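Trainee: Sequence lines, in order, name chains A and B.
Throughout, my numbering is defined as the position within the first sequence, counted from one, plus 4.
Throughout, my numbering is defined as the position within the second sequence, counted from one, plus 2.
What the hints contain is simulated information worked out from the structure, not anything from laboratory work.
Keep in mind that this is a model prediction, so the values were computed, not measured.
Do not rely on the hints blindly, as some may be mistaken.
[Stated by the list, open to error] Covered stretches of chain B (chain A as the covering partner; in silico rule of three or more C-beta atoms under 8 Å from a C-beta of chain A): (1) 9-15; (2) 18-31.
[Said to hold, decoys possible] Heads up, simulated DSBU-like pairs for lysine-lysine below, C-alpha to C-alpha not over 35 Å straight-line: (3) A:Lys39 with A:Lys186; (4) B:Lys97 with B:Lys45; (5) B:Lys8 with A:Lys49; (6) A:Lys232 with A:Lys118; (7) B:Lys112 with A:Lys186; (8) B:Lys8 with B:Lys72; (9) B:Lys66 with B:Lys40; (10) A:Lys186 with B:Lys66; (11) A:Lys39 with A:Lys49; (12) A:Lys118 with B:Lys8; (13) A:Lys39 with B:Lys8; (14) B:Lys40 with B:Lys97; (15) B:Lys112 with B:Lys45; (16) A:Lys118 with A:Lys19; (17) B:Lys112 with B:Lys100.
Just so it is clear, CB atoms sit at the ideal spot from N, CA and C, and this is done for glycine as well.
Below are the chains, spelled out letter by letter.
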Amino acid sequence: MTEKAEDRKPLLSKKIDRFFTGLADAWNFVRRFFKEVFVPPYEFKEVIHQCYRIGVESLPLISLTGFIVGIVFTNQSRPSLSEFGATSWLPSLISIAVVRAMGPLVTALIAAGKVGSSIGAEIGSMKVTEQIDAMEVSATNPFNFLVVTRVIATTLMIPLLVMYTDFVALMGSFLSVSANEKVSLTTFFVQVFESISFLDIISSVLKSILFGFTIGIVGCYKGYNSSKGTEGVGRAANAAVVMAMFLIFIEELLVLQIVNAIRAF
Amino acid sequence: MRGENKRSVIVGIFVFLGIAILVAGVLTLGGQQKKFVKAIQLKAVFDDIGGLQTGNNIWFSGVKIGTVRKINFYGDSQVEIEMNVEEEVVEFIRKDSKATISSDGLIGNKIIVIYGGTTLAPPVEDGDRLESVMPLDTDQMMETLQVNNENLVEITGNLKNLTSKLAAGDGMVGAALTDSLMAESFRAIVRNLDQASINSNRMIAELNKFTSKLNQEGNLFNDLVTDTTMANELKQTMESFKQTAANSEEMTQKLSAITDKFNDPNNSLGMLLNDPEFAETLKSTLENTDSATYNLNRGMEALEYTWPFNKGFKRKAKAAEKADN
Chain A
5 MTEKAEDRKP LLSKKIDRFF TGLADAWNFV RRFFKEVFVP PYEFKEVIHQ
55 CYRIGVESLP LISLTGFIVG IVFTNQSRPS LSEFGATSWL PSLISIAVVR
105 AMGPLVTALI AAGKVGSSIG AEIGSMKVTE QIDAMEVSAT NPFNFLVVTR
155 VIATTLMIPL LVMYTDFVAL MGSFLSVSAN EKVSLTTFFV QVFESISFLD
205 IISSVLKSIL FGFTIGIVGC YKGYNSSKGT EGVGRAANAA VVMAMFLIFI
255 EELLVLQIVN AIRAF
Chain B
3 MRGENKRSVI VGIFVFLGIA ILVAGVLTLG GQQKKFVKAI QLKAVFDDIG
53 GLQTGNNIWF SGVKIGTVRK INFYGDSQVE IEMNVEEEVV EFIRKDSKAT
103 ISSDGLIGNK IIVIYGGTTL APPVEDGDRL ESVMPLDTDQ MMETLQVNNE
153 NLVEITGNLK NLTSKLAAGD GMVGAALTDS LMAESFRAIV RNLDQASINS
203 NRMIAELNKF TSKLNQEGNL FNDLVTDTTM ANELKQTMES FKQTAANSEE
253 MTQKLSAITD KFNDPNNSLG MLLNDPEFAE TLKSTLENTD SATYNLNRGM
303 EALEYTWPFN KGFKRKAKAA EKADN
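Bound conformation, chain B alone (with noise of 0.2 Å):
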């Protein structure tokens, strides 16, 4: 009984457990696919849908939002496809977002990827249609790949005349590469190129170095290009310049007026220099002045040896003796 009882007990233990991975595998699959998450309904029309199913995810910035509800035909050829999408993303889904079908892979299955869509336009309401987008078909592709074909084509053809033309040595790429003269004179230049550039490179050597000099403290240029306070001296002596030029302008002007003077006759000074006449008046009257003081002077002579004048010369050389003294 107990034996029973114990395997009752087992049977109901193994039974719970299998019946448990039966649910938990349809609860995860029903919420891979969303199947127990409310949703709303869109819409969107295309001319082709390249073989997208029912149950076929919808993708919105990468993410799984919902799955294909529904595919009817919808006026003369085109296809209504019906989507489910999940409620709580709704609103991050734009009225002016668009649609498009994509692929899971590169062959995997197909998705209607849901993309765009600005801030300005409300979030989709349920039974919204989507703007649909064709995705690049394969046979545009293809169209466009014979195309690049054809153009490949004579993309050849051209270079096959061009190498057959260089290969003949025609036009000038063609004779630098069969002339030997030419070849010749193409190494002439490679040398002295070669012997420029050695050149070249020995100048900036001895730039390298002058520059380095310069470079150097206490050296005039290195303070010139450095001390920030020298700009400011320099500035200041510069201005100190200006002021000194605008002074002598002014000095210049003033002596300039000053000459002008000079010049005119009408004054004593530039009669004096200007007028000969005056001149002449002015050396006799100097030399009649100079034997004038002559005679004074000899007057001054006898009047030392006159009395009473006499005593006071006398004074004045006790005075003179008792200062040396």
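Just chain A, same shape as in the assembly (with noise of 0.2 Å):
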């Protein structure tokens, strides 16, 4: 009885006890992927379905969010540059914000949104309606199955969907360009290509592979530990959104000063 109330006893306290636990079960569950990624049977055909929920579902809905970021940022840019008379520029400073950052950051706000979500509400609700249970029963891997599948097409996709978002931003920064500069699309890709370098693609494909395996992680983990009923679904996939962006927030900053040191170097 007395042993009993000590495990009760929080270590320090309710919360913050909480809080290590969620840490360490994370990481355990991240620990849980890389053991399990490289564990027979592979579930390619899955891995494919998923592929295609996140990466060509979504494609339509991040290429309109791409383009319209291109001329919005083009347009708000412009008075400023103008200031200066240094309008020509425009291709510049779109180019480096649009491969280093906003079309790595837009994106992976966007599947978030869209995956992020989804995997929660679907694993969480597999969860509450003991789908898992049933699966582990009929002797199959439910975590190779489920969350294996799901972040390594997260972590394929996103990358992709980057490629995308960035040349879609920068063709609807060009129509912006080409309206009010008139400069022809050769001499738009000439400059975009001018101010980027080796580095700024490599750490703009590292880092939305970070982004795609945090979203997939998060989501899958949301829902897999999600409590029981509706309700816990519901909250699985809206922690996994807020969680999901919390960390690509993070991992931007941490991933800017790694490379601004590399760049340094």
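Work from the hints to combine the two standalone chains into their complex.
Mentor: This is the structure in structure tokens:
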């Protein structure tokens, strides 16, 4: 009886204990993912299915967002640059902004909202309706089938979506620049690539891989650990989006520091 | 099953296009930064590179031909720049070319500009060191500007003195500006000048009329100026004049010789002209001749009535009558 009482007694405080417990659970979840990802059976069909849902089905939304971001950012930057008579630098500015930051960030945030919530809700509802338990009983590894496939799909698809977003945003920017500054497509793209380096493209790809992984793993974790009931499903979906977005910003900040350190070196 | 296959194909296309965008971007970037082009290395040593960085562009005649590969310290405080330069433009860069640090636009990135070089020198080779020319330093520019400022202060000081003297009416210019009498004199001068210009205008108009008359066709002066045949004729006339003059001179000489001879009393004509004694003798001779001729006439008249000569005279008279009829 005393042992049980001691067990229930919080180490620091209930909240702090819960936070660290959650952190440990998340760490174990990630560790389990890396353990399971190399273990057969490999669910290729499910990976492709998830790629379709995450990548292809998100493309229209991502493209529209990227296009609008390109136009809006160009039009917002023009007055400031025209004060210095430097509107010819618009392509360079947009290129740096889109390739280095906006492309990956906008894509990741949109994907976190669309894909992260759907993964959280889907796995959460499966958890609530005990479908995961049923899979375990039927000798199917639910973690492998549900989590690994989705995380692989987000990790692969988000970088590709970032490529599309970059391209579409630059085309949107080109429309604005061409209409106002009468710049040809060739000149526009020459100026775009003049101001960026390989490091920018590499960091953009690596960052988007990290963002993709984060969206997938957070969505799956929140869904996999959702509490019972329909309310738990909703909370899981919401928490997946909020946590994924929060982590994306933190990662963006960290990656920026690392890339700047490499650039200075 | 068919739906799954279709979905796989769409995912494949999606992945392919995404990777294609990435590859196109990488290749364009590489092409623009000349990453995949064969290059040789050139070096240049500068005292100060003014913030030049690895990867900055190398320009030759306004064309990007490479990038800065490495920046090393050299000697005491100099900096050695290693440059990657495209192999295909190497033949145009000569060993006596120079390298300097410039800027891509007013506030753009630093660049290295290779310029100069003559065809007398061979093309550069891998590892060559170009002569470096220090760029115009902004500090030096500011120093020059400071000197200019000081000069400007001195000039404005002088100007101030000058204008104060002018205002006080000192000197000729000052007097011109302030003295009313001088101003009146100036006005008179200007009036005279005005009148003179009117007169000169009138004169020019007259001259115009005169020259237009001269220019009319058929006018001697116009012909003289415009008629080319006349010039030739004039030339020929002048030649003839020349010839005539030469002949006249010769004739004059001859006449002179003749008159000399006339003056010489040793010859018959000279004696006739110059010897008074001879003249007197000649006069008496002529008088004698005159009287002899008179006597001869009288003898001839007498002969007309003298036989047998009278018959001859009569026949002559009859023949003359016949001829008249």
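Trainee: If you look at each residue in the segment 9-15 of chain B, do at least three have a Cβ nearer than 8 Å to any Cβ of chain A?
Mentor: Three-residue rule met by the segment 9-15 of chain B, so holds; n is 4.
Trainee: Between the alpha carbons of Lys66 (chain B) and Lys40 (chain B), is the straight-line distance 35 Å or under?
Mentor: 14 Å, holds
Trainee: Can you confirm whether the C-alpha distance between Lys112 (chain B) and Lys45 (chain B) stays at or below 35 Å?
Mentor: Roughly 17 Å between the alpha carbons, so the hint for Lys112 (chain B) and Lys45 (chain B) holds.
Trainee: Check the hint pairing Lys97 (chain B) with Lys45 (chain B) against an upper bound of 35 Å on the C-alpha distance.
Mentor: 12 Å, holds
Trainee: Below or equal to 35 Å on CA atoms is what counts here, so check Lys112 (chain B) against Lys100 (chain B).
Mentor: It holds: about 17 Å lies between the C-alpha atoms, which stays within 35 Å.
Trainee: Please verify whether Lys39 (chain A) and Lys186 (chain A) have alpha carbons no more than 35 Å apart.
Mentor: 55 Å, violated
Trainee: Going straight from one Cα to the other, do Lys118 (chain A) and Lys19 (chain A) come out at no more than 35 Å?
Mentor: 30 Å, holds
Trainee: Assess, step by step, whether the Cα of Lys8 (chain B) is no farther than 35 Å from the Cα of Lys72 (chain B), and give holds or violated.
Mentor: Since the Cα atoms of Lys8 (chain B) and Lys72 (chain B) sit roughly 52 Å apart, the hinted pair is violated (cutoff 35 Å).
Trainee: Counting residues of the segment 18-31 of chain B whose CB is closer than 8 Å to a CB in chain A, do you get three or more?
Mentor: holds (count 9)
Trainee: Quick one, are Lys186 (chain A) and Lys66 (chain B) close enough, alpha carbons at most 35 Å?
Mentor: 24 Å, holds
Trainee: Can the restraint linking Lys118 (chain A) and Lys8 (chain B) be considered satisfied, given a maximum Cα separation of 35 Å?
Mentor: Status holds; Cα separation ~23 Å.
Trainee: Lys232 (chain A) and Lys118 (chain A) were given as a pair; does the straight-line alpha-carbon distance stay at or below 35 Å?
Mentor: 23 Å, holds
Of the hints listed earlier, those the structure fails to meet are numbers 3, 8, in rising order.
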